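Each chain, letter by letter, is given below.
2 protein chains.
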Amino acid sequence: MQRYFAKQKIDNQLILNEEDIYHIKTVMRMDEHDKIQVVYGTKVYLCCLENVNTNIQIMVEKELEVKENRMPKITLLIPLLKEQKMDLILQKATELGVNKIIPIETERSIIKRKEEKEDKKLERWKRICKEASEQSYRIDIPEILPIQNPKNMKMLEGLSLICSTAETQRNIRFVLNSNTTCDRINIAIGPEGGFSPLEEKKWNELGFISVSLGNRIMRVETVPMYILSVLNFYYME
Amino acid sequence: MQRYFAKQKIDNQLILNEEDIYHIKTVMRMDEHDKIQVVYGTKVYLCCLENVNTNIQIMVEKELEVKENRMPKITLLIPLLKEQKMDLILQKATELGVNKIIPIETERSIIKRKEEKEDKKLERWKRICKEASEQSYRIDIPEILPIQNPKNMKMLEGLSLICSTAETQRNIRFVLNSNTTCDRINIAIGPEGGFSPLEEKKWNELGFISVSLGNRIMRVETVPMYILSVLNFYYME
Numbered sequence: 001m002q003r004y005f006a007k008q009k010i011d012n013q014l015i016l017n018e019e020d021i022y023h024i025k026t027v028m029r030m031d032e033h034d035k036i037q038v039v040y041g042t043k044v045y046l047c048c049l050e051n052v053n054t055n056i057q058i059m060v061e062k063e064l065e066v067k068e069n070r071m072p073k074i075t076l077l078i079p080l081l082k083e084q085k086m087d088l089i090l091q092k093a094t095e096l097g098v099n100k101i102i103p104i105e106t107e108r109s110i111i112k113r114k115e116e117k118e119d120k121k122l123e124r125w126k127r128i129c130k131e132a133s134e135q136s137y138r139i140d141i142p143e144i145l146p147i148q149n150p151k152n153m154k155m156l157e158g159l160s161l162i163c164s165t166a167e168t169q170r171n172i173r174f175v176l177n178s179n180t181t182c183d184r185i186n187i188a189i190g191p192e193g194g195f196s197p198l199e200e201k202k203w204n205e206l207g208f209i210s211v212s213l214g215n216r217i218m219r220v221e222t223v224p225m226y227i228l229s230v231l232n233f234y235y236m237e
Numbered sequence: 238m239q240r241y242f243a244k245q246k247i248d249n250q251l252i253l254n255e256e257d258i259y260h261i262k263t264v265m266r267m268d269e270h271d272k273i274q275v276v277y278g279t280k281v282y283l284c285c286l287e288n289v290n291t292n293i294q295i296m297v298e299k300e301l302e303v304k305e306n307r308m309p310k311i312t313l314l315i316p317l318l319k320e321q322k323m324d325l326i327l328q329k330a331t332e333l334g335v336n337k338i339i340p341i342e343t344e345r346s347i348i349k350r351k352e353e354k355e356d357k358k359l360e361r362w363k364r365i366c367k368e369a370s371e372q373s374y375r376i377d378i379p380e381i382l383p384i385q386n387p388k389n390m391k392m393l394e395g396l397s398l399i400c401s402t403a404e405t406q407r408n409i410r411f412v413l414n415s416n417t418t419c420d421r422i423n424i425a426i427g428p429e430g431g432f433s434p435l436e437e438k439k440w441n442e443l444g445f446i447s448v449s450l451g452n453r454i455m456r457v458e459t460v461p462m463y464i465l466s467v468l469n470f471y472y473m474e
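Keeping their order, the protein sequence lines are chains Y and C.
For the first sequence, the working numbering assigns the number 1 to the initial residue and increments by one for each residue that follows.
For the second sequence, the working numbering assigns the number 238 to the initial residue and increments by one for each residue that follows.
Treat the hints with care, since some could be wrong.
Unchecked claim - From the structure, some residues in chain C lie toward chain Y, with a derived Cβ separation under 10 angstroms: (1) Leu325; (2) Lys329; (3) Glu332; (4) Arg375; (5) Arg410; (6) Gly431; (7) Asn469.
Said to hold, decoys possible - EDC-like mimics (lysine to aspartate or glutamate), calculated; alpha carbons at most 20 angstroms apart, straight line: (8) Lys85/Y - Glu368/C; (9) Lys7/Y - Glu50/Y; (10) Lys304/C - Glu167/Y; (11) Lys319/C - Asp87/Y; (12) Lys322/C - Glu167/Y; (13) Lys244/C - Glu255/C; (14) Lys82/Y - Glu404/C; (15) Lys322/C - Asp87/Y; (16) Lys120/Y - Glu50/Y; (17) Lys67/Y - Glu320/C; (18) Lys85/Y - Glu353/C; (19) Lys85/Y - Glu255/C.
As the list claims (entries may be wrong) - Negatives, chain Y to chain C, calculated, CB over 12 angstroms: (20) Asp34; (21) Glu63; (22) Gln91; (23) Glu118; (24) Pro197; (25) Ile227; (26) Ser229.
Since the hints were derived computationally from the structure, they do not count as laboratory data.
From a predicted model like this one, the values you see are computed outputs, not experimental measurements.
From the three backbone atoms N, C-alpha and C, an ideal C-beta is built for every residue, glycine too.
Take these sequences, add in the hints, and give me the full structure.
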């Protein structure tokens, strides 16, 4: 069943944005009395479509049970990458439960900031995360912050890790086993070629612990999927 | 440094195939005495290029140390998917250390077998795995078998798992913790919509244990990456 995020709830009726209405009517070609799931706030409703061909109404039939997830809140800090790789990361990270994404400037990134295009980019990234949230039946959409420069960042709350190619002793399993009670994990991922030693030092000063992900040589876009898969597994009940 | 797989070793000289020679000379535009890494058998050599502009020779300078990996040998059984998804799986699974891939026919797959095109497909899949092996500095290339129909398959050696959406109790962590000594793991992944109950029963009869991967709803192409990430993490030293 198709799932959408509502922007408003008025009594027994949920209000979707225009794109979603277009999706229901024109892309999915849904009929009168077809059912959809709609998320509003932290709740999920089974809804019935009425007046599909005139002024469509989305009426709540009942509230659905939501399974709680005990994984810590995950923030990924990711470098600027080519569009295709960025899109893949956003889609897969959303599927695998990321909560917040902070795009970061890095020395060795081949993509440079173009401030005049940033609003449009952010808009696009948000849309990808919304769609992936709907498809993977999430009840929330990951938050994406505007691009940050680590020079201007402050320490983040929770356990902060930086994926390091220099670190050979301290691996991610050891660090997770040593921090079993954290409820928030922040992970910084470098671009192709990794963080420079100076950058890594800067992150360390911001409280990010350097960790190794093991011996495999992964492409940048594989790293977020690896980390989130590992965290889902580690916190599986 | 670029890595290639050799097809032959004659004394102190390694022989690459024509595509790789083209890559060295035309794509990478390497020069006289540039260095590359070449894998032959289970060994990795640091090599020097000679006579690049005439009859290129790849001369061994020294043997490099290879880090052993203690992860069990992993076989993935994957459904037939659209080309783009298949390519992504092959690339990422290779990066993350898969040893063997068996494409399988499944009831609900939207891609049907076209026997006349299978040789060409297999050829393409092998090429993707070879390139991904080079890029991720592997010393071996995953083996890809021709498409199999589970009706004609026999039991496989090792621990065999099937990713099930019906199974709610037995999850992958429990199963790994209960089978700590296996040196070979086979994992069957269903298409969009999953395996049918009848198919799952058939796999169970072939010795495949139904396991849940947790509560997340993942796209098919995400599942192999999730599983291989988890196994890399689980067997990390």
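Structure-based check of each hint:
Given hint, Leu325/C at the interface with chain Y, holds; its Cβ is 8 angstroms from that chain's nearest Cβ, closer than 10 angstroms. Annotation: interface hint on Lys329/C holds; nearest CB of chain Y at approximately 6 angstroms, less than 10 angstroms. Taking 10 angstroms as the C-beta contact cut-off toward chain Y, the hint placing Glu332/C at the interface holds, the least distance being around 5 angstroms. Evaluation of the Arg375/C hint against chain Y yields a held restraint, the C-beta minimum of about 8 angstroms falling below 10 angstroms.
The beta carbon of Arg410/C comes within 5 angstroms of a beta carbon in chain Y, closer than 10 angstroms, and the hint placing it at the interface holds. A least Cβ separation of about 15 angstroms between Gly431/C and chain Y goes past the 10 angstroms threshold, and the interface hint is therefore violated. Proximity of Asn469/C to chain Y holds as hinted, the smallest CB-CB distance being about 6 angstroms (cut-off 10 angstroms). Between Lys85/Y and Glu368/C the CA atoms are separated by roughly 18 angstroms; this keeps the pair inside 20 angstroms, and the hint holds.
With a C-alpha separation of about 18 angstroms, the suggested pair Lys7/Y and Glu50/Y falls inside the 20 angstroms cut-off, and the hint holds. Of the supplied pair hints, the one linking Lys304/C and Glu167/Y holds, its CA atoms being roughly 16 angstroms apart against a limit of 20 angstroms. About 19 angstroms separates the Cα atoms of Lys319/C and Asp87/Y, which keeps this hinted pair within 20 angstroms; it holds. Using a Cα cut-off of 20 angstroms, the hinted pair Lys322/C and Glu167/Y is violated, with the two alpha carbons roughly 33 angstroms apart.
For the suggested pair Lys244/C and Glu255/C, the alpha carbons sit about 10 angstroms apart, so the restraint of at most 20 angstroms is met. Annotation: proposed proximity of Lys82/Y to Glu404/C is violated, straight-line Cα distance about 39 angstroms (limit 20 angstroms). Between Lys322/C and Asp87/Y the CA atoms are separated by roughly 14 angstroms; this keeps the pair inside 20 angstroms, and the hint holds. Between Lys120/Y and Glu50/Y, the direct Cα distance comes to roughly 35 angstroms. Violation of the 20 angstroms bound is thereby established for this hinted pair.
The straight-line distance between the Cα atoms of Lys67/Y and Glu320/C is roughly 34 angstroms, outside the 20 angstroms bound, and the hint therefore fails. For the suggested pair Lys85/Y and Glu353/C, the alpha carbons sit about 34 angstroms apart, so the restraint of at most 20 angstroms is broken. Between Lys85/Y and Glu255/C the alpha-carbon distance is near 30 angstroms, which puts this suggested pair outside the 20 angstroms criterion. No beta-carbon of chain C comes within 12 angstroms of the beta-carbon of Asp34/Y; the shortest separation is about 19 angstroms.
At roughly 19 angstroms from the closest C-beta of chain C, the C-beta of Glu63/Y stays outside 12 angstroms, upholding its exclusion from the interface. Chain C draws Gln91/Y into its interface by the beta-carbon criterion, the shortest separation being 8 angstroms against a cut-off of 12 angstroms. No Cβ of chain C approaches the Cβ of Glu118/Y within 12 angstroms, the least distance being about 28 angstroms, so the stated non-interface status holds. With a cut of 12 angstroms on Cβ distances, Pro197/Y stays outside the contact zone with chain C, its closest approach being about 20 angstroms.
The non-interface label for Ile227/Y is inconsistent with chain C: the shortest C-beta to C-beta separation is roughly 8 angstroms, within 12 angstroms. Annotated as non-interface, Ser229/Y brings its C-beta within 12 angstroms of a C-beta of chain C; the closest such distance is 4 angstroms.
Violated hints for the displayed structure, listed by number in ascending order: 6, 12, 14, 16, 17, 18, 19, 22, 25, 26.
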